[in-house]
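Trainee: With these hints in hand, go ahead and build the complete structure from the sequences.
Residues in the sequence shown are numbered consecutively from 1, following the working numbering.
Keep in mind that the hints were calculated from the coordinates and are not lab data. Do not rely on the hints blindly, as some may be mistaken.
Said to hold, decoys possible - Restricting the straight-line Cα-Cα distance to at most 20 angstroms, the calculated cross-link-like pairs of lysine to aspartate or glutamate (EDC-like) are:
| # | residue 1 | residue 2 |
| --- | --- | --- |
| 1 | LYS74 | GLU90 |
| 2 | LYS73 | GLU47 |
| 3 | LYS74 | GLU47 |
| 4 | LYS119 | GLU90 |
| 5 | LYS73 | GLU90 |
| 6 | LYS73 | GLU62 |
| 7 | LYS73 | ASP43 |
| 8 | LYS74 | GLU49 |
| 9 | LYS73 | GLU49 |
| 10 | LYS113 | GLU90 |
| 11 | LYS73 | ASP54 |
| 12 | LYS74 | ASP54 |
| 13 | LYS74 | GLU109 |
Unchecked claim - Label-pair ranges, simulated between beta-carbon atoms:
| # | residue 1 | residue 2 | range |
| --- | --- | --- | --- |
| 14 | ARG57 | VAL82 | 19 to 29 angstroms |
| 15 | VAL56 | LEU98 | 31 to 41 angstroms |
| 16 | HIS77 | PHE112 | 33 to 43 angstroms |
| 17 | ARG78 | ASN121 | 49 to 59 angstroms |
| 18 | SER58 | LEU111 | 44 to 54 angstroms |
Where is the CB? At the ideal position from N, CA and C, for every residue including glycine.
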Amino acid sequence: ADQSYSSFSSSSSQSTTPKPKKRKLFTYIDGSNDESNNSTPMDAANELEAYLNDPVRSRFPEYWSNTRLNILKKLVHRVFSVQASSAPVERVFSHAGLILSSRRTNMNEKLFKDLLFLKINQHLL
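Mentor: Structure follows, in structure tokens:
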């Protein structure tokens, strides 16, 4: 029993230490971990501090297109990007088309808006 223990302990002492894991903060934004080659990469906390302490800020688009805060830049792009379309808006147009059919062309605007409002919000009733 002592031999098996000694061989186990000697083999475990020879094992290599695990490599440190890469930081995975904000990897959901962009799969690549590319940093700008001309600047020293900063971690997210340092980037946030640099942004908050930056006294000179130009207009929003120019600031984020010219900044070297790569992690925050990706986050801003993700948060402030505009969707091309969304399913709820498409459903509203579909319901509007069903309500305002060729037989209902004489419907006034207020009645049309009220019917559309009720149709869209009927799940709340």
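Trainee: Using the Cβ atoms, figure out if ARG78 sits within 49 to 59 angstroms of ASN121.
Mentor: With Cβ atoms ~30 angstroms apart, the hint is violated.
Trainee: With a cut-off of 20 angstroms on the C-alpha distance, tell me whether LYS73 and GLU49 pass.
Mentor: With a Cα-Cα distance of about 14 angstroms, the restraint between LYS73 and GLU49 holds, given a limit of 20 angstroms.
Trainee: Is LYS73 within 20 angstroms of GLU62, Cα to Cα?
Mentor: The hint holds at about 12 angstroms.
Trainee: For the pair supplied as a hint, LYS113 and GLU90, is the alpha-carbon distance within the 20 angstroms limit?
Mentor: The hint holds at about 16 angstroms.
Trainee: Would the hint linking LYS119 and GLU90 be met if the CA-CA limit is 20 angstroms?
Mentor: holds, 14 angstroms
Trainee: For the pair supplied as a hint, LYS74 and GLU49, is the alpha-carbon distance within the 20 angstroms limit?
Mentor: Satisfied, since the Cα-Cα distance of roughly 16 angstroms is no more than 20 angstroms.
Trainee: Do the alpha carbons of LYS73 and GLU47 lie within 20 angstroms of each other, as the hint requires?
Mentor: holds, 10 angstroms
Trainee: LYS74 and GLU90: Cα distance at most 20 angstroms?
Mentor: violated, 28 angstroms
Trainee: If you check the beta carbons of HIS77 and PHE112, does the distance land in 33 to 43 angstroms?
Mentor: Holds, at about 38 angstroms.
Trainee: Measure nothing beyond the straight line between the CA atoms of LYS73 and GLU90; if it is 20 angstroms or shorter, mark the hint as holding.
Mentor: violated, 30 angstroms
Trainee: With the threshold set at 20 angstroms, check whether the alpha-carbon distance from LYS73 to ASP43 stays at or below it.
Mentor: Roughly 13 angstroms between the alpha carbons, so the hint for LYS73 and ASP43 holds.
Trainee: Would you mind confirming whether the straight-line C-alpha gap from LYS73 to ASP54 stays at or under 20 angstroms?
Mentor: Distance of about 15 angstroms is within 20 angstroms: holds.
Comparing the model with each earlier hint shows violations of hints 1, 5, 13, 15 and 17; every other hint is respected.
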